[in-house]
Amino acid sequence: MSNLGHEIMIPSNNKRGKHRSQENGDRLSDLPDCVLLHILSYLNSIQAVQTCILSTRWKHLWKHIPTVKLHYLRNSPTVKRFDIFLSNMLALRDNSIALQALNLGRGLIEPQLLEKILNCVYSHNTHIHRLEISAISQSYPILSCVSSCKALTSLKLSLYNIGSRNYTETLFPTSLNLPLLTSLYLENFTFCGDEKGCAEPFSLFTKLNSLIIRHSKIKKAHILNISNETLVDLAMHYNSFNFAEIQLSTPSLCRFTFPDSLDQKICGTGLSCVKQVNINAPQNSYSMKHPFVLLGWLQDLANVESLKVTSITLQILSLVPNLLDVKLASLCNLKSLDIELRPLHGEFLLLLMKDDMLKKAIAKSHEEVAKLRKAFKAGLKLHPIPDGIVDFLRQNSPLAEVNITTKYKDCFNLKQVEEYVNGAKNTSYPQQFVVPASTASPSAALPSLHLCHAKKDTKRSGKIMSRNMI
Amino acid sequence: MAEEVSSQMNSLSISETNPSSSATISLVSGDDIVFKVEPTIAKEMETVQSFIDETDGKITTIPLPNISSHDLPYVIEYCEKSIAGKITKEFEAEFVKKLNNEEVKELFLAANYLNIKKLLDFLSQVIADRIANKSVEYVRRYFGIENDFTPEEEAKLREELAWTFTGVDPDDEDEN
Numbered sequence: 004m005s006n007l008g009h010e011i012m013i014p015s016n017n018k019r020g021k022h023r024s025q026e027n028g029d030r031l032s033d034l035p036d037c038v039l040l041h042i043l044s045y046l047n048s049i050q051a052v053q054t055c056i057l058s059t060r061w062k063h064l065w066k067h068i069p070t071v072k073l074h075y076l077r078n079s080p081t082v083k084r085f086d087i088f089l090s091n092m093l094a095l096r097d098n099s100i101a102l103q104a105l106n107l108g109r110g111l112i113e114p115q116l117l118e119k120i121l122n123c124v125y126s127h128n129t130h131i132h133r134l135e136i137s138a139i140s141q142s143y144p145i146l147s148c149v150s151s152c153k154a155l156t157s158l159k160l161s162l163y164n165i166g167s168r169n170y171t172e173t174l175f176p177t178s179l180n181l182p183l184l185t186s187l188y189l190e191n192f193t194f195c196g197d198e199k200g201c202a203e204p205f206s207l208f209t210k211l212n213s214l215i216i217r218h219s220k221i222k223k224a225h226i227l228n229i230s231n232e233t234l235v236d237l238a239m240h241y242n243s244f245n246f247a248e249i250q251l252s253t254p255s256l257c258r259f260t261f262p263d264s265l266d267q268k269i270c271g272t273g274l275s276c277v278k279q280v281n282i283n284a285p286q287n288s289y290s291m292k293h294p295f296v297l298l299g300w301l302q303d304l305a306n307v308e309s310l311k312v313t314s315i316t317l318q319i320l321s322l323v324p325n326l327l328d329v330k331l332a333s334l335c336n337l338k339s340l341d342i343e344l345r346p347l348h349g350e351f352l353l354l355l356m357k358d359d360m361l362k363k364a365i366a367k368s369h370e371e372v373a374k375l376r377k378a379f380k381a382g383l384k385l386h387p388i389p390d391g392i393v394d395f396l397r398q399n400s401p402l403a404e405v406n407i408t409t410k411y412k413d414c415f416n417l418k419q420v421e422e423y424v425n426g427a428k429n430t431s432y433p434q435q436f437v438v439p440a441s442t443a444s445p446s447a448a449l450p451s452l453h454l455c456h457a458k459k460d461t462k463r464s465g466k467i468m469s470r471n472m473i
Numbered sequence: 006m007a008e009e010v011s012s013q014m015n016s017l018s019i020s021e022t023n024p025s026s027s028a029t030i031s032l033v034s035g036d037d038i039v040f041k042v043e044p045t046i047a048k049e050m051e052t053v054q055s056f057i058d059e060t061d062g063k064i065t066t067i068p069l070p071n072i073s074s075h076d077l078p079y080v081i082e083y084c085e086k087s088i089a090g091k092i093t094k095e096f097e098a099e100f101v102k103k104l105n106n107e108e109v110k111e112l113f114l115a116a117n118y119l120n121i122k123k124l125l126d127f128l129s130q131v132i133a134d135r136i137a138n139k140s141v142e143y144v145r146r147y148f149g150i151e152n153d154f155t156p157e158e159e160a161k162l163r164e165e166l167a168w169t170f171t172g173v174d175p176d177d178e179d180e181n
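For the protein sequence lines, the chains are D and F, in the order given.
Under the numbering used here, the first sequence has 329 at position 326, and the numbering climbs by one with no breaks.
Under the numbering used here, the second sequence has 137 at position 132, and the numbering climbs by one with no breaks.
These are computed hints drawn from the structure, not numbers from a lab.
Since no wrong hints were added, every one of them can be taken at face value.
Computed cross-link-like contacts, DMTMM-like style, restricted to lysine to aspartate or glutamate with a CA-CA straight-line distance of at most 20 angstroms:
1. Lys311/D - Glu95/F
2. Lys91/F - Glu404/D
3. Lys62/D - Glu159/F
4. Lys94/F - Asp236/D
5. Lys66/D - Glu159/F
6. Lys66/D - Glu165/F
Extracted from the complex, chain D is given alone in its bound form:
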């Protein structure tokens, strides 16, 4: 069998043989046009057009690029130039070449230019499959154009609508029907409720896989119903849903990033099947019920395998009275717990944390209180991961791996945090809580803890995660 190797050669479309190390550098230009166009489609269109100057072969190549990719220009005097560029490019581009993707960066777009862009999209609306528009412009012509692009698989819209005088909201069209759409990103939209006060904007997308909603609002609705059979990924950031309730009817939901607001009510069946969860609680807008909101969320996560939280989230959670005595019926399949350390700045939250520590010290002894007061005066920093909380979260899956990371390397000593969480007793300030003896068996109580930038630890455990910091 092995000698067949020399008889059968996969035909090479490249004339040159193996010893090409001496002749490096001239091979990319040997590639056929379609491959070069593939590379060009990843370039900003301005530079892609400029490749016309490279050689006679490249003179007209840019006209055949299947994508248009233009981003905002920082220096405002060039906005006019940007318009001129775009008009010229659209006029000279070979319109017989299917436009597959349009990626338009944020910036003010004049109505006339917008019309030209949209006409170009209209003329390709049967095959354009990726559309990304971030613009300050009139939203409704854009939306009406988008709704004509039935082949879209990926849509990203961030629209600042210009009304007759100033910016106005953009209502998300309830009739938008894009049957092939798998990925949807919406920014600056308003979802409007029906006569019953319920907004249900996504049920028409029968193939939707991933949904991200940012900086959006709800109007005339007390319920935002995210109802979708196929949705796997859901994230919501910086929305102001005015205390409306989010109802998840998403049987396929696997990854969920909780809203940044702890005032957001979430209910529905969607949470029970989620496997991966991110919780990033804010530290500035604190209310007394927030710790309970967090606890409520955790209790809903029946099947989560990967839980990612910030240290702030854990600090807020720790303010639930007698938290460590709470028996969770959820978090039974937890495989990994990722904690991202973030510095605590919120003054009020800081005060509450200290107050809570003092209360617990009072329950113990006067010496403890005095010791703690002294420590606070001396500028004691709160530990980013409250005592016992790691084991609290792992009470039903004590073998879950714990990973601690931080983007704030100047603020935290990961090694120390690890030792502290591991139960090292050489801490300079008193323990906050007594860990209930029942939480885990002694062997399981030792967390298999991994620090992500301590690479030398890799030898310690076969299970180590070499996950990079995000």
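Given the structure of chain D, go ahead and fit chain F onto it with the hints provided.
Same frame as chain D, but now just chain F:
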């Protein structure tokens, strides 16, 4: 005849994690080094897989004269990650950090030759990033392009397409 690769090279195959009985595929690099890979890896390489299919799986030694033993491990590593569903932004950033311009080009050509769509898309983006905001001369060198315009022709073209050469600096701030 080709020599077998060292154990270090072999560790690139996924045989450790999947000791299945199915025959491994031998990929022979241009400089006659054999890389044994699991059939699932070969599946990622359309060129290789279609070749295996054509011979009903009887042939498991595939010569790849255009790909050097320096580049092939990178290709295999990427395919393994891809199969495991572990292509993340972090992995790609680390992956590309290791590569100089020449290696990126070599890998791009390898991915094109082997027809590995994901790797090709990823490397297209890498190349685009590396030539972004670079001078015409730089891009010519990068692609290995000989300028066959006369100075007059070039000047004329610049004038005709002045709308692309003046006042509009590419800004890739939002690229990702």
